[in-house]
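Asker: Listed below are the residues making up each chain.
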Amino acid sequence: MTLLADKYNSTVDESVADLMSRASESRSLDAAAVRPRIVAAINKYLLIGDNTVEKNDIRSFIDEIRADDLCLIIACEQGDAKAWENLVANFDATVKSAARKITSNNEDAEDLASSIWAELYGLRQDAEGNRKSKLAYYSGRGSLAGWLRAVVSQLAVDQFRKQSKFVQIEENREFENLVSEAARNDNNHFPTRDDNPEDLFTDKQTEADVSRALSASIASLESEGRLIVKLYYFEGLKLKDIAAAFGYHEATASRRLTRVQNEIRKGVESELCNKYGWTESDVKRHLSETAEGLGLNLETLFAVLLILAFMQEMAA
Amino acid sequence: MELEFDKEIDAMLRKARSGIGTGVGTAGSAHLDADIIAAFAENALPQHSKLLYMEHFADCGRCRKQLSQAITMNSEADAAAASSISAVSMPEAEAMVPWYEKLLKTQDLALAMGALLLAFTGSIGYLLMQGGMGESATSVSQVTEQDPARGGPFFGSDDDASNTNANVSPMSNSAGVALQAANSNAVVDLKDREADKASNRSEPAAVLSTTGTEKSASGADTTAPAMKETLPSDAKPAAPPPPPFQIDGSSGSENDFIIDGQEAKETELSKKRSESDDRARYRRDAPPAAAKSGPARAGPLQNQSNQSNTFDMTVTRNAGGKKFNNRDGAWYDTEYRGQSTINIRRGTDEYNKLDSGLRDIANTIGGTVVVVWKGKAYRIR
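If you're matching them up, the sequences are chains S and F in order. For the first sequence, this note's numbering begins at 121 and goes up steadily by one. For the second sequence, this note's numbering begins at -11 and goes up steadily by one.
These aren't lab readings, by the way, just hints derived from the structure by calculation. Even for Gly, the Cβ is constructed at its ideal location relative to N, Cα and C. Don't take every hint at face value.
[To be verified] Here are the in silico distance ranges between beta carbons for each label pair:
1. S:LEU407 x F:GLU64: 29 to 39 Å
2. F:GLN35 x S:PHE280: 25 to 35 Å
3. S:ASP246 x F:ASN31: 31 to 41 Å
4. S:SER374 x F:ARG50: 25 to 35 Å
5. F:ALA18 x S:GLN198: 42 to 52 Å
6. F:ASN31 x S:ALA152: 26 to 36 Å
7. F:GLY102 x S:TYR241: 52 to 62 Å
8. S:GLU227 x F:ARG50: 39 to 49 Å
9. F:GLU64 x S:GLU174: 34 to 44 Å
10. F:ASN31 x S:ARG385: 42 to 52 Å
Same shape as in the complex, but just chain F (with noise of 0.2 Å):
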């Protein structure tokens, strides 16, 4: 026999089981409605009040639900005005979202996998430019360090080869490089120094000897920086002045740069007298003077050694067997120290009338050009 489905007893199960008839007097046969929920959820609700209806909450599933979603929705919707107010205060809320987050939308990873290609080929091409200006600069220090193997940096002439290694023959060409590169800072053993230079210098006695080569003789201090060989002694190290030129008239003799700064003072002094007039043609006639500062303080020469950017400033060519150097413009011969100088102009009646030999080299070389000749120095424009 089949039984008939009760509805009477199913609907007192659900009223027993949901808690109906368990709660507060006026809620005992009824849920409560929104406004009890709301102030309850809000806790806007008196005392006294709120303990009645927190029994029917805890008895009855359907108004517990209902009060469990109006505390959800309040508790975000606080979140979202608070949210919204930081919004409108502080625009750079955008700024807060997470990076990875802006990544991977679509449009911004293409952009940011462009900017990666963009940041890897620089810096390749930086990388191979950097390459390629280290060879570059490779190849002119490699030019220029062959200036301390043929007549070293502290002395401009080449065509003794006497003259050669003549202050610095106890440095190799690469201690000579960090010796200029360094500025100073590298040691030199003076007493190898004074041996070399014992043995290479044709004239010995002309050279002046440098107050670093006396305190190596009486051993005081050997390990004095090169430069401090190579500077007067009230000089700066960090930036003395350019050497001056020896005034003494001669031409081509290996001594007459001098190197050593109270040496040439007295040089100077004992000369000053007798060679007035010889010092005023070497104003008018000498190289440009040194800047104050930067690469072409260091006279014409140019290789000097208390530069640390002589070699990348040094520009020599070769023509006629000579070898010029430039400055502010013009060539220098290797062998000119100051002497006066026979002024010609390119094109000139005098101009035609010099040696054939000389004319090439002017040709050759081009622009103002200074030229020690057959003992004399011509400037040639």
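Isolated chain S (complex conformation) (with noise of 0.2 Å):
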């Protein structure tokens, strides 16, 4: 990553002045306590990956960043009190709404929202002794609201890994008894149809063969459409949000979903063909079983969902 050359320095300044004029609250603060978190938003994401950048691209970057929320926090980090007041006064619902979604309840939410503030206001000291706060991350090119809701979820994945590795090890151990106790009862396993080991290994070797084609063909894809496909099936994210996110029109983001699909499918087909062996007759009978049991499940599964959805309707 290059830095911001000194030929741009002026172009900096008059934005900066710019923006500060924009803030409809200064906080009292002046250019030159703004200007260091701009230079540093400007590196961040204007100069990644040995980017070439022209002035004007300086003065579009930050004519878009939020002027007030920016001098909020930037207020907040050199300690004002006024500021701080309006911070926890204007956001605090925001964080505990977030806390809210992501935990599993109010106490636990209660108790991520007091870290997030804590985070926020910096309890830690470096060696000089300032304090280390999460403020000093904000470049105000989003929202401080959004920003305030992805720290949530930050914090929130760190404190659970934290707690996770507790119940990893407990899960390790628990595994380790069901399979030595396995071992021990395998004299009283009678075995089915289904365990026949022949049908076991080829529907194994099916599986993998079409886990590792499916791998490869997303793998190939674009970055974006990748992205797509990833949100969508495993976040499960609406195309309407994912459209949103990515600055398209929801019938744009279908269009590219499908487009992907397709991709997809193409991958497979000539994944399982060239390097598994498989005939396009055995590509296209198991695509067929597979959609077909899917279908399947997933029409019981709209069944279930639509109950519950209207016993959910009925009870609110």
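Given two chains presented individually in distinct reference frames, assemble the corresponding complex, making use of the accompanying hints.
Answerer: In structure tokens:
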């Protein structure tokens, strides 16, 4: 990553001055207090990957920074009590709402929200005695509310990972116990038709081939298509929300998803035929069977979901 | 020999599985921070950096998970903000809650059930009342339906048996009711009617033939509305004026009540000069004039065929073998034809000198009574 060249200093100064004039409440900050944060954002987002920029790029980048949110955060970082009051008063509901969505109960949500505010305030200090706060990472490119939600999400993941370490150990021991027990009771196991080793081996082999072909096909996609597929299928996002994140219209996102599906199908078929020796009829039969099974499951799932949704509507 | 758990290999495998190292340069060894995730979720990154971070999100499950959470929460926050704005701008947003949800709330359910019970009870009560009123209305109608059978609605005399069914004989009682209720929409067979007239009339010459009868005789109009037959030709069918009294001074005769408008006019004109005194007495002693509209318009006999509610308004009483109709608070002997009356007050000597039968009638009826007694008309108050 290259750093912002000195030749852009005047451009940055002008743009920062414009930003300060745009702010409805600058909170007694001057351009000198804001400029370092702006330059850091330029280095982070504009000059990443040895990107070459022009003065207009810098101007438009700074023009898109949210002046009020950035001034509020910088003022908080500098210990402005009133700014802190405003921040808590205006965004505590946002933090708690995000915490409630991520956690399973209100107690955990309250704990998580408290942790967020502590992290934002900066309970830890560096070697020079300065408080280490997450506020230093806010660039002003996105909204402050969105950034706070992302902070909540990150902190929740971190806390979950810390807790899951202990859970993982317990699960491993449990698994080991189950394996040992299965080994001891192996003599009492009666094979059934489904347990036919030859069939099991064939099924496993088929699944492994398809799984690898699918992974390879997805991996061969461009990053945009790959992310769309994963957000849609693995993360369960709605097309409307994906489109908003990518700056598309929903219909555009739908068309792109369809195009990606076609690419994946071609990739899977090619991979199975060329790399694993499947015939075209095998591929079609397997995909058809998979689709039928999935369709049946989806119908059942859809009916259950409908009933649950209706019950929830009635109970609400 | 039991192998030890290799933490380094495990960490390396986890790192490879999560796609670390396949992302952008700066994020190659670390996950993306909240600012990048938030800006990406809001599509607020420059295009160049957006493409680079997209690569990381596509391969890093942890960052992608946080990105998806951020996108979801932003979407929900936008929806909540939009709904709160609409709730502020539209107080009636409460009404947008589906009705069945409101209904199923315990308190509302109780209210709804109570309202249903009230409505059900009210409807049953209304039906019962309707049934009762129907019966009472039927009984009133039955009383008045006897009039056409006895003397017909067009002729008030009931003491003359020959006058019964004089003009509406072909019509059954029910048809007569329908005729009066429907106000002149029924059709009368005029030929039959004429035949009945001929057979029932005791003094045919005195009966004024109707225009409809004449038409019937010529075969021009056999389906003329019944009301036309009983009304002057220039009268409006919907609300014809009440038929005038024949002021010939005769009492008790059947034809002293004129039914045909033109004939009545001619009769009146012919007698106008010679009977001016009688007319003056008539003005003085005649029952109150009929109102221009409403049930009272039918005149003293009240059972005029052109009044749709004649039956309901007719109130009759019998005393001393006579029948009295009430009109405007006074009881009129059905024999009374508008002739001059002798005014007598109860309790006076004149009253005490009256025949006992006449006094009995006056006492029985009470109030103002106009009685025709021995050829004279008495107005007793």
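Asker: Determine for every hint whether it applies to the structure shown.
Answerer: Taking the hints in turn, this is what the structure says about them:
The hinted range of 29 to 39 Å is satisfied by LEU407 (chain S) and GLU64 (chain F), whose Cβ atoms lie roughly 36 Å apart. The hint said 25 to 35 Å for the Cβ distance between GLN35 (chain F) and PHE280 (chain S), and at roughly 33 Å that hint holds. Range check, ASP246 (chain S) to ASN31 (chain F): about 34 Å between beta-carbon atoms, so the 31 to 41 Å window is met. Judged by the Cβ atoms, the range 25 to 35 Å given for SER374 (chain S) and ARG50 (chain F) holds: they are separated by roughly 27 Å.
For the pair ALA18 (chain F) and GLN198 (chain S), the supplied restraint of 42 to 52 Å is violated, since their beta-carbon distance comes to about 27 Å. Against the hinted window of 26 to 36 Å, the Cβ-Cβ separation of ASN31 (chain F) and ALA152 (chain S) comes to about 31 Å, which satisfies the hint. One distance hint, 52 to 62 Å for the beta-carbon pair GLY102 (chain F) and TYR241 (chain S), holds here, with the actual separation near 56 Å. Between GLU227 (chain S) and ARG50 (chain F), the C-beta spacing of about 25 Å breaks the proposed range 39 to 49 Å.
Separation of GLU64 (chain F) from GLU174 (chain S) is about 38 Å and conforms to the stated range, judged on CB atoms against 34 to 44 Å. The hinted range of 42 to 52 Å is not satisfied by ASN31 (chain F) and ARG385 (chain S), whose Cβ atoms lie roughly 29 Å apart.
In this structure, the earlier hints numbered 5, 8, 10 are contradicted, and the remaining ones agree with it.
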